[in-house]
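Generate coordinates for the entire structure from the input sequences, incorporating the hints supplied.
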Amino acid sequence: MKKKSEPIPNQVILELIQYNEKEFSKYDALPIDELLKRQRAELVNWINLDGLTDGELVNKIGIQFSLHSLLLEDITSEHPPRVEEYDEYLFFSLKMLYRIENNEIDYEQISFVLGRHYLLSFQEKEGDPFDTLRERIRLDMGRVRKKKADYLLYRLIDIIVDNYYVVLDAIGQQIEQIEEQIYNSNTGQEFRKIQRLKKELIFLRKALYPLRDALNKLIKDESGFIDPANERFFSDVYSHVAHLIDSLDTYRDLTSSLMDIYMNTQNTRLNEVMKVLTVISTIFIPLTFIVGVYGMNFQFMPELHWKFSYPVVWAVMLTVTIGMVFYFRYKKWF
Amino acid sequence: MKKKSEPIPNQVILELIQYNEKEFSKYDALPIDELLKRQRAELVNWINLDGLTDGELVNKIGIQFSLHSLLLEDITSEHPPRVEEYDEYLFFSLKMLYRIENNEIDYEQISFVLGRHYLLSFQEKEGDPFDTLRERIRLDMGRVRKKKADYLLYRLIDIIVDNYYVVLDAIGQQIEQIEEQIYNSNTGQEFRKIQRLKKELIFLRKALYPLRDALNKLIKDESGFIDPANERFFSDVYSHVAHLIDSLDTYRDLTSSLMDIYMNTQNTRLNEVMKVLTVISTIFIPLTFIVGVYGMNFQFMPELHWKFSYPVVWAVMLTVTIGMVFYFRYKKWF
Amino acid sequence: MKKKSEPIPNQVILELIQYNEKEFSKYDALPIDELLKRQRAELVNWINLDGLTDGELVNKIGIQFSLHSLLLEDITSEHPPRVEEYDEYLFFSLKMLYRIENNEIDYEQISFVLGRHYLLSFQEKEGDPFDTLRERIRLDMGRVRKKKADYLLYRLIDIIVDNYYVVLDAIGQQIEQIEEQIYNSNTGQEFRKIQRLKKELIFLRKALYPLRDALNKLIKDESGFIDPANERFFSDVYSHVAHLIDSLDTYRDLTSSLMDIYMNTQNTRLNEVMKVLTVISTIFIPLTFIVGVYGMNFQFMPELHWKFSYPVVWAVMLTVTIGMVFYFRYKKWF
Amino acid sequence: MKKKSEPIPNQVILELIQYNEKEFSKYDALPIDELLKRQRAELVNWINLDGLTDGELVNKIGIQFSLHSLLLEDITSEHPPRVEEYDEYLFFSLKMLYRIENNEIDYEQISFVLGRHYLLSFQEKEGDPFDTLRERIRLDMGRVRKKKADYLLYRLIDIIVDNYYVVLDAIGQQIEQIEEQIYNSNTGQEFRKIQRLKKELIFLRKALYPLRDALNKLIKDESGFIDPANERFFSDVYSHVAHLIDSLDTYRDLTSSLMDIYMNTQNTRLNEVMKVLTVISTIFIPLTFIVGVYGMNFQFMPELHWKFSYPVVWAVMLTVTIGMVFYFRYKKWF
Amino acid sequence: MKKKSEPIPNQVILELIQYNEKEFSKYDALPIDELLKRQRAELVNWINLDGLTDGELVNKIGIQFSLHSLLLEDITSEHPPRVEEYDEYLFFSLKMLYRIENNEIDYEQISFVLGRHYLLSFQEKEGDPFDTLRERIRLDMGRVRKKKADYLLYRLIDIIVDNYYVVLDAIGQQIEQIEEQIYNSNTGQEFRKIQRLKKELIFLRKALYPLRDALNKLIKDESGFIDPANERFFSDVYSHVAHLIDSLDTYRDLTSSLMDIYMNTQNTRLNEVMKVLTVISTIFIPLTFIVGVYGMNFQFMPELHWKFSYPVVWAVMLTVTIGMVFYFRYKKWF
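Residue numbers (the working numbering), protein chains in the order written: chain A, 1 to 334; chain B, 1 to 334; chain C, 1 to 334; chain D, 1 to 334; chain E, 1 to 334.
It is worth saying that the hints were derived from the structure and are not from the lab. Honestly, I wouldn't trust all of these hints.
In silico SDA-like pairs for lysine to any residue, Cα to Cα no more than 25 Å straight-line [said to hold, decoys possible]:
#, chain 1, residue 1, chain 2, residue 2
1, D, Lys37, D, Gly62
2, D, Lys193, D, Gln299
3, D, Lys331, E, Gly188
4, E, Lys307, D, Gln299
5, B, Lys331, C, Asn267
6, C, Lys220, B, Pro228
If you want it as structure tokens, here you go:
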């Protein structure tokens, strides 16, 4: 999991998309005050802010929509996914996983404020996976234009959650790859990979568990920000997140199995090496003793003068060696 | 656990079974529109679809029974067992384990839609374990013909759950076999088998835990799709699944014990080998030293010229050896 | 834990005990139809069946008392302890642990059906621990004759639960014995004993946890099968079972400590052996080098011709040896 | 944890303390029937029995206060801390830890029966930590004389729970001591100490968890045995017990850390020894080979006849040795 | 985690801060009786006591505000964070982490008593992180002067909780540093650091979990001490604490991963050393045998007299050595 990269300070994008069944308009190069004036209560107003470095901008939006000071703090500081119900709006935040490079996960926090006729979204960084949806809204494809801001919120969350599947699938594949590697070549590099996987799973858990709770709270919410007719959609996202958590737990178990497999392979390998080496030593040590015996300089050693001693000693040593090899093989020691 | 094999694309089977206490008919070679026309509200209509590759077919059924778009998505995508209550029907899905080859488990997802007078079942692949039931319905054996579609759903779920017992029993036997093998021959192959078992148990857990929750929700359901008189049957399936989960947990504990046993046997074996080999080295090293002493070329070494030196050295070495062997044996070092 | 032995097929015992405060009668050699006719609603009728192989017998009883088909299935198939409330009767089943041979536990499933004026008990095998109670009923000792069938059920369950104490105490003693053995002689046999213990504890857990839940459900039951005045008795059994589970958990912790102790003792032992052996090698290897030096055949080696070389070499070697021994001892290496 | 020592059979102490704001009297040498007659409903009557071996005595008290047969069984048999509400009285039992010798814990079960105007206490063994309280009652210090029997019960439980703090603090100190010992001298004795600690913590857990539950039940009790004005006192004891459990869990974590530390220190130590020894062998083995070379008896070995061979060989060997030592040091192998 | 240092006995600081929207006054050098007289019900009176050694002082405050005896005991004795509701005031206590030296955490217990128009705070030691807040109150910055004592309590708790973030971030950095160190140089010192981290996390958990529960109780409190309009502020602190606990759990997982990493690195290192050393021995042992052969003194050994024996032996030995090195390399044994 790549550490949240520093927000790029020089690019702040502010965008307003307005629509209902009949109308659609989009503004993205307007100054903030202009833009805020354009919103109309009879349309769905989606105001999206990329980049949270311009504090004044956030404050102006805050004043316009009379956002609570604690809520503004929540938008700009990192915290676990959360839903907060206020009198005039609903706050919802979650982590967005949106890029994968060399199996690295990058994430940012996205916050939503859902009012009666508007949806605010605050992103930390430029770039998001919502372009397809923007296009579908513009072209009036699917249901979005017929629905209110709460349905828009559902669509955005759904897109974000779908990206989790991509990430988790990649993790699943990594687990299989690492397992393959361990069984085949166990170079010792796998240990670090497993540790990295474990960390990623820990961070994903931190993103997913509170998200599930937040969604649950959202579904049970009775403040009327979510149209009861749309509750089923949020339930569906909820069950997707539950499924993701399920998979996460499975991957955690598999990763801890990976560690077992790694340790076992390492051990088996070491044991094998040590056994073979020890066996070699064990065979040569008695032989060295035998030749040592006949290296003694005693004057009276009858064997020394016997003509066939030398070949006989070789024969004996060969016998000993073969005997030991057979014995070790029989005992399955190497 | 074998990965869900690719759905076979060329074979889609659509089948309608209609019955009440007096009538029975079965259609399986009709085009979809024909078939849908034949259903009659006074009968139980069981429409079974094998193979989900023909998207148009699924859509036509969806339109006919006005299935919700989220539900259609659920039918065709993989997800944990789940029950969803809609106004006009009840959705229930679970995993079907239906074939075992070399202790491999194959599974597919089966989805049910239970309406007032019909039951739809969607299978991913051809072939199912329901033929006996179809025959019993045709021949009017047992209670099925006297009951409504909800009882049919119970019977189908019951058959699927019964198959889980077969699979779990096979796993129980495997655990015992592997334990036997470890104690008797520990070839190192057992490690992978244990790992495979662990994975299968993880996947079974993923299939069973949500199934229990779904059944619980089904029993507590008050929408009227399940006749209260039939609730006891679903309760019975529920307690079967609870029993299966129980066994699963036991098998998990036993499998983790297996790992302990495996590791211990491996260690004991290695230790034994190392100890014996080390003992051999330890005995010969002092002997080699002794013979080394009399291999020195000093001019003035009185022993070299003594007539009985050689046999005495042998005697000393024999004594040392026997002494060490006894000492090691006494210390139970090998 | 001994696998449930095969039910002995040839011996099926059917017995009827009838009593109230004034009357007592017992029939055990009557054919089933005769026996069923004898029951009288004004008495407590306890019908006990040993051996479930005679399916027809079970069926006849089932018809007589109009037992539900699912209940009959439950009686004859194995499942976790369970209570099921029906309109006309209450079903209760649990595991009976009743024999201990060489610390082996044998168990069987016993099922009860409690009606308004009768109690049916179904045992898998001949022989039970209820004879003392039968005698107390006959002789009108204690409260049993003054109470109804629900109190009889309590007494039977109480007797069964008391047997669990015996079994758990035996396990407690085994744990202490094994610990003693490990500390004193650690022969390697203890590993299998610990594994066996662990398995027994797993199976006991499977018997006890659902039993506690079933008793809890029984106490909270409001169907009237249990006289509220007798609830305290069932509560008492409940707290006994809770106590047993408590002990079970303790024993599980102790058993896992046993494994730690075993592994540690094994390791300590191995390490000690290896250390001593390695120390011996380490002492002799430099000595062997020294004598090797003077085994060289160089023409110009002044020491060879010096008169005191030989004793000096011995002195040097002695010094080296003593030095190393002291050093190793000082370092506490053996 | 010392096994509950056998109750001393020959000493049974029965004592009656009566008081209200104005009166106080104490009887402890009276026969049971006398004593029971003396109790007066307008006073708080505290009857304390030390030693449960005199069954007749317990029975007489049981009859006098019409105690339930199950309750009498509970008083004389061991069980986890428990509260039981009866119509006429409240039963409360817990474990009393009251002596520490060489860090050994001795405990006994104490049972209380709280009636409208009396409190019965049953101890297994002579001696208790209540003498200070008895004195405070006699001298009318603090609130006790102004309050009823329920407050007396609180004071007694409070004293018992305070003793747990002493025991847990002692365990905390032991943990620190053992850690110190392991880091400093690791003699291998620490293993058994840690095991003993673990056992004590297991037994304390068995005493404390149910005590917390019992106190909770007591506080929520609505039978009126506890004056609502005194509930805060029992809540205070409850939070003490909760704090104790907290510490217990901490100590459990620390103890399991101790095991890690112990194992690691053992391993580090062993590894160090083995490494040094192996390094010595590794240095001398090549040297032994070199001298072996010049111990060969070939007729044509030019070095043998060269004058400076011997010193050159020594130089070579020295170089090799120093090279290896430096290499090993550089590699940080010893 | 540094053990709570001894309270400094000689410095007890008593301070009264009074304010409302219009007035502000601060007294800190007055004797206790004077000070208590100055409080006025129309203002927020914040009485802060640093140092709990002056028992008389605490008692005087206790009498003035009629604090319950159990509450006074709680103020002066250590216990987990807790909220207690009394009729006239609310008691709240938590741990304050306020200094970090060489990554050491120092903490003290701070207790609050919130009445209708006053807030008492009791600190064990001099020095607190509230000076900025005192200044903001004096200068009438932010909302504090407009709010009541409950908001002041929120601000104080918020400041304390913010300090936890600092501590946890430092721990997070330590974990990364230690991991870096282990991978790069693993000197064996890391083990103790990890153990220290684990202990700190255990103690932080003891501070944070009950704090979350206490805050939850505070929010749900209906006694009216907390103005419903301020509940959101306490909810915000609650979610901060929940976030901290989340991070704590993550750090615990990471720390236990650290142990794995440490053990693995240690093992890998040892294995490497042992393997290289063993390989060296294994290469030289056969060579030593070969030279031993030609050190034998048999009269009839044809090789001894052959002119090229010596170079041939060298060639053979070289071949053996190179062969073995290649074989070991090929087998990846070193």
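Structure-based check of each hint:
{"no.": "1", "hint": "D:Lys37 <-> D:Gly62", "verdict": "holds (14 Å)"}
{"no.": "2", "hint": "D:Lys193 <-> D:Gln299", "verdict": "violated (67 Å)"}
{"no.": "3", "hint": "D:Lys331 <-> E:Gly188", "verdict": "holds (15 Å)"}
{"no.": "4", "hint": "E:Lys307 <-> D:Gln299", "verdict": "holds (7 Å)"}
{"no.": "5", "hint": "B:Lys331 <-> C:Asn267", "verdict": "holds (15 Å)"}
{"no.": "6", "hint": "C:Lys220 <-> B:Pro228", "verdict": "holds (22 Å)"}
In summary, the structure is inconsistent with hint 2 from the numbered list given earlier, while agreeing with all the others.
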